[in-house]
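Trainee: Sequence:
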Amino acid sequence: MPEISPAGCSSTELSPEEELHIITHISMAVELQTKVGDTFCLVSRRWWEKWIAFVTHNKKNSTNEGSSTDHQDLNSSNTPKRPSSIDNSDLINELASDNSTMGLELHDTLQEHTDYILVPEVTWNQLFAWYGGGPKLARKVISCGESQTELTVEVYPLRLHLHLMPKADQCTLRISKKETIGGLHKKACEIFQLNLEQVSIWDYFSHRKHALMNDLDKTLDDANIQMDQDILVEVSDDGGGTSDLQENGFTKSHTSALVEPSKTNYSIAGGFSASKGVLRNNNSESSQLQSSASAIREPEDHKIPVSVGVSTRGSSGGLTGLLNFGNTCFMNSAIQCLVHTPEFARYFRADYQHEINWHNPLGMVGELAIAFGDLLRKLWAPGRSPFAPKHFKSKLARFAPQFSGYNQHDSQELLAFLLDGLHEDLNRVKHKPYIKSRDADGRPDEEVADEYWANHIARNDSIIVDVCQGQYKSTLVCPVCEKISVTFDPFMYLSLPLQSTTTRTMTVTVFSCDGSGVPATCTVTVPKQGRCRDLIQALSSACGLKQNEKVFLAEIRNHLIHRFLEDPLMSLSSIKDDDRLSAYKIPKSMKNTKFLQLIHRRQELETGNARGTTGWKAYGTPLVFPVCCDATITRGDIQLIVHTMLSPMLKSEPGNSDFSDTDASSVASDLKNVSFEADSTCKENNGPNRSLLKLPLKLVDSNNACIDLSVGEERTVRLPSSSLSVLLFIDWSSKLLQKYETHYLEKLPEVFKYGPAKKARAEPLSLYTCLEAFLREEPLVPEDMWFCPQCKERRQASKKLDLWRLPEVLVIHLKRFSYSRSVKHKLETFVNFPVHDFDLTNYIANKNNSSRQVYDLYALTNHYGSMGSGHYTAYIKLIDENRWYNFDDNHISPINEDEVKSNAAYVLFYRRVKSDSSSSHK
Numbered sequence: 000m001p002e003i004s005p006a007g008c009s010s011t012e013l014s015p016e017e018e019l020h021i022i023t024h025i026s027m028a029v030e031l032q033t034k035v036g037d038t039f040c041l042v043s044r045r046w047w048e049k050w051i052a053f054v055t056h057n058k059k060n061s062t063n064e065g066s067s068t069d070h071q072d073l074n075s076s077n078t079p080k081r082p083s084s085i086d087n088s089d090l091i092n093e094l095a096s097d098n099s100t101m102g103l104e105l106h107d108t109l110q111e112h113t114d115y116i117l118v119p120e121v122t123w124n125q126l127f128a129w130y131g132g133g134p135k136l137a138r139k140v141i142s143c144g145e146s147q148t149e150l151t152v153e154v155y156p157l158r159l160h161l162h163l164m165p166k167a168d169q170c171t172l173r174i175s176k177k178e179t180i181g182g183l184h185k186k187a188c189e190i191f192q193l194n195l196e197q198v199s200i201w202d203y204f205s206h207r208k209h210a211l212m213n214d215l216d217k218t219l220d221d222a223n224i225q226m227d228q229d230i231l232v233e234v235s236d237d238g239g240g241t242s243d244l245q246e247n248g249f250t251k252s253h254t255s256a257l258v259e260p261s262k263t264n265y266s267i268a269g270g271f272s273a274s275k276g277v278l279r280n281n282n283s284e285s286s287q288l289q290s291s292a293s294a295i296r297e298p299e300d301h302k303i304p305v306s307v308g309v310s311t312r313g314s315s316g317g318l319t320g321l322l323n324f325g326n327t328c329f330m331n332s333a334i335q336c337l338v339h340t341p342e343f344a345r346y347f348r349a350d351y352q353h354e355i356n357w358h359n360p361l362g363m364v365g366e367l368a369i370a371f372g373d374l375l376r377k378l379w380a381p382g383r384s385p386f387a388p389k390h391f392k393s394k395l396a397r398f399a400p401q402f403s404g405y406n407q408h409d410s411q412e413l414l415a416f417l418l419d420g421l422h423e424d425l426n427r428v429k430h431k432p433y434i435k436s437r438d439a440d441g442r443p444d445e446e447v448a449d450e451y452w453a454n455h456i457a458r459n460d461s462i463i464v465d466v467c468q469g470q471y472k473s474t475l476v477c478p479v480c481e482k483i484s485v486t487f488d489p490f491m492y493l494s495l496p497l498q499s500t501t502t503r504t505m506t507v508t509v510f511s512c513d514g515s516g517v518p519a520t521c522t523v524t525v526p527k528q529g530r531c532r533d534l535i536q537a538l539s540s541a542c543g544l545k546q547n548e549k550v551f552l553a554e555i556r557n558h559l560i561h562r563f564l565e566d567p568l569m570s571l572s573s574i575k576d577d578d579r580l581s582a583y584k585i586p587k588s589m590k591n592t593k594f595l596q597l598i599h600r601r602q603e604l605e606t607g608n609a610r611g612t613t614g615w616k617a618y619g620t621p622l623v624f625p626v627c628c629d630a631t632i633t634r635g636d637i638q639l640i641v642h643t644m645l646s647p648m649l650k651s652e653p654g655n656s657d658f659s660d661t662d663a664s665s666v667a668s669d670l671k672n673v674s675f676e677a678d679s680t681c682k683e684n685n686g687p688n689r690s691l692l693k694l695p696l697k698l699v700d701s702n703n704a705c706i707d708l709s710v711g712e713e714r715t716v717r718l719p720s721s722s723l724s725v726l727l728f729i730d731w732s733s734k735l736l737q738k739y740e741t742h743y744l745e746k747l748p749e750v751f752k753y754g755p756a757k758k759a760r761a762e763p764l765s766l767y768t769c770l771e772a773f774l775r776e777e778p779l780v781p782e783d784m785w786f787c788p789q790c791k792e793r794r795q796a797s798k799k800l801d802l803w804r805l806p807e808v809l810v811i812h813l814k815r816f817s818y819s820r821s822v823k824h825k826l827e828t829f830v831n832f833p834v835h836d837f838d839l840t841n842y843i844a845n846k847n848n849s850s851r852q853v854y855d856l857y858a859l860t861n862h863y864g865s866m867g868s869g870h871y872t873a874y875i876k877l878i879d880e881n882r883w884y885n886f887d888d889n890h891i892s893p894i895n896e897d898e899v900k901s902n903a904a905y906v907l908f909y910r911r912v913k914s915d916s917s918s919s920h921k
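For reference, each letter of the sequence shown is one residue, going 0 to 921 in numbering that gives the first Met the number 0.
Careful, some of the hints might be misleading.
[Claimed, not checked] Here are the simulated distance ranges between beta carbons:
hint : residue 1 : residue 2 : range
1    : 650       : 559       : 24 to 34 Å
2    : 763       : 791       : 46 to 56 Å
3    : 566       : 751       : 19 to 29 Å
4    : 851       : 443       : 43 to 53 Å
5    : 185       : 34        : 17 to 27 Å
6    : 704       : 483       : 48 to 58 Å
[Unchecked claim] Below, in silico cross-link-like pairs of lysine-lysine (DSSO-like), each with a Cα-Cα straight-line distance of 30 Å or less:
hint : residue 1 : residue 2
7    : 575       : 798
8    : 752       : 590
9    : 846       : 798
10   : 752       : 825
11   : 435       : 791
12   : 135       : 166
13   : 549       : 752
14   : 752       : 616
15   : 208       : 185
16   : 217       : 377
17   : 527       : 900
18   : 482       : 590
19   : 166       : 185
20   : 825       : 392
21   : 389       : 208
22   : 799       : 575
23   : 135       : 185
24   : 166       : 527
25   : 590       : 545
26   : 650       : 746
27   : 549       : 814
28   : 389       : 814
29   : 545       : 650
30   : 650       : 616
31   : 482       : 587
32   : 697       : 549
33   : 135       : 34
34   : 593       : 697
Since the hints were made in silico from the structure, they are not lab data.
Where is the CB? At the ideal position from N, CA and C, for every residue including glycine.
Let the sequences and hints guide you as you build the complete structure.
Mentor: Right, here's the structure in full:
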């Protein structure tokens, strides 16, 4: 940073009081004569406060006239020291300044009164003469406001990015917003060494030609040129000075330049700020100094006129843009949709203030309603220029601190708060009665629904309720006692999940215990927040269960059964996509059972063994067979059971005569009685049982010892009583592996396998499909369980929603964003939503309402990009013009109706289609 030497240090001969007196009178004299073009300077707040403490300390102490000498001496030890030289280094962005050819760059986020104060140039010169330091950061006074009679200091001149075409050169330029287009034109020609006649400049917002900037006398402010905007410098021919570009260093490089209307040589990044005093003490002179710069004020809503073309001009009512003053596109898009709702436009342009509820403790004492009404009127004023809704945002932040600051937010969350806040501010019910809702108790739905709606209107009655609120029927069923609870609740909007967020596909391998078929892989679709019973039901349908069979689920890990999924109410969310599941068909009628778990083992080289010896290691998928706990089972019975389970995989080669298909059928028939009573017919079967190959089976008893079942087939096996599962190993030798198709056991797929991206849907996801998913019966999530009045406990009940009555304006929110503990995700799914004739007649549960429920789209918000860093726009149809427009902050442009649909659509606004035969819905 440059060090600046003081011109003189005569202040050492002045007392602090004299310094304060001189600075105060200088500032007051300048205040009376401030005009456009005058210069003010920034002073670091840190240094300024040190100086103020120094020059006001004695005045504060002079009020203690009765102080003792000792007390005065003690006070003198705490006297503030004279500040050192002026230090503005904390205002300078040194990194940006080092990389810039435009001089010193300030931090972009500086705030007046917090980081700096503004003083007239003569005040700066006097302070500099006394203290030296710096650097000097001078700024010009410009006019602002609709009448251009207000004054402000342009702390942040415009930073523009010039793009030379067709040579693709670039240059960053600093220039005052009060400079003319002609001045910008001339400066661009100087930078790129071009002739004025061969150059045209364009508003190049978002790298698109918005408007030709050919009104050379218009200021950049009037042309609606914003900070960091792109400007296209278009060369009409190859003549002129273009041949000298490379010599001047501008070819294929990004350069920077600065121009001010006064031709001064300072620059700084950011926006603009007004001048107000910062002194906070009680002496008269410092109080005068505090107000010395107060004549220069920032307008509450800074209005910026627009340039040529409909894309930037609000030439007729309803075509006024809103400036983005720091990630406010989420707010701008939602506001434009509400403002262009015809019912709201009529209401807030008329006299609505008599409906304001000034004393509603749930409201905002009318401030939000008044701020929104004023904003709506400004946006509907014909020919009005775009402006920054700062006053409205300040009110919003006051009552909803989550929307304060300049971070990106969810436009739907803002919309929900805004509708609710406006309702409470405009609630016609001044004293809400207490009303206790009654349960349906078997009464007709129509009677109960009307009673709930009347109770709601008795407490909530506003323009928002008139226009936006509908009613749905909510049915809860207890999974234990089957208690049914029916309520009718109001809604302001519908949040529809996209299909991929409501269901999941799960892959499970199904095994037969009776040898009736080879293992089969089934992929089913289940509710994402469903229960285990939903998966069982889907599998039962998919795998063709017999009437006397049921499915028994297990999770497999490391070729062993990790757990049985026995609880039908277990949430499917506990099953991860990389888990592996098997399902076993077992008889329904069995009770008091144990399960034989057949664990497959094969010889594998033991790791870390230098001798290369092998050991038996588990592999494949275990098989399960149920047996009665009271049964007497022999070793031969278990051999028969295993042969039965493996029989579908037996190779049909000539050498495999030990166990034929006929034998398998006979064994399966013998095992219909799986209870293995003492007189079991399988023991008396002298056919296949005698000719079976003895399998190398080992059963783990209650002492964890292995019993060899290949010998002594008549000996009884005592099953362990301490566990519901009995482990049974089969050791597959290479010879035995040749007899069976064991590949059925070896590859157990994951529940869901992430592979290459699937092909696009043949048909796009329909809005009707999303609505049907929203209305589908689903279990409540575990975090939102219902207190059953009959069980007197919280239950994970199933919930079913039905539309009962619909509002005049139906707001539909597409749930594109999903949140988890560590992941935020956005769905880019394209939803095919109707622009006309959105017919909801068949979705209304109230069959007494015979009128058609048809809606037309008139507005929507769009979200582009990823979460947290995306951009919001709005598509809005001006109903009087029957034409669609794109509202992209302050830029407005017409679009065709077929451009309205995209995968960026986020919140949809539908309006009821009026018909002669339609009756009131409320």
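Trainee: Within 30 Å, alpha carbon to alpha carbon, are residue 593 and residue 697?
Mentor: 17 Å, holds
Trainee: Take a look at whether the Cβ-Cβ distance between residue 650 and residue 559 falls inside 24 to 34 Å.
Mentor: This hint holds: roughly 26 Å between Cβ atoms.
Trainee: Quick one, are residue 825 and residue 392 close enough, alpha carbons at most 30 Å?
Mentor: 27 Å, holds
Trainee: Lying within 46 to 56 Å: is that true of the beta-carbon distance residue 763 to residue 791?
Mentor: 47 Å, holds
Trainee: Within a Cα-Cα threshold of 30 Å, do residue 545 and residue 650 meet the stated pairing?
Mentor: Status holds; Cα separation ~26 Å.
Trainee: Would you mind confirming whether the straight-line C-alpha gap from residue 527 to residue 900 stays at or under 30 Å?
Mentor: Distance ~28 Å between residue 527 and residue 900 Cα, so the pair holds.
Trainee: Between residue 752 and residue 825, is the straight-line Cα distance small enough, at 30 Å or below?
Mentor: Answer holds: residue 752 to residue 825 is near 21 Å, not above 30 Å.
Trainee: Would you check the hint for residue 135 and residue 185, treating anything up to 30 Å between C-alpha atoms as holding?
Mentor: Judged against 30 Å, a Cα distance of about 28 Å means the pair holds.
Trainee: Could you grab the alpha-carbon distance between residue 389 and residue 814 and see if it respects the 30 Å cut-off?
Mentor: 29 Å, holds
Trainee: Take the C-alpha atoms of residue 590 and residue 545, compute the straight-line distance between them, and say whether it is at most 30 Å.
Mentor: The given pair, whose Cα atoms are some 18 Å apart, holds under the 30 Å limit.
Trainee: Straight-line Cα separation of residue 135 and residue 166 no greater than 30 Å?
Mentor: 38 Å, violated
Trainee: Given the hint that residue 650 pairs with residue 616, does the C-alpha gap stay at or below 30 Å?
Mentor: 24 Å, holds
Of the hints listed earlier, those the structure fails to meet are numbers 4, 8, 12, 24 and 27, in rising order.
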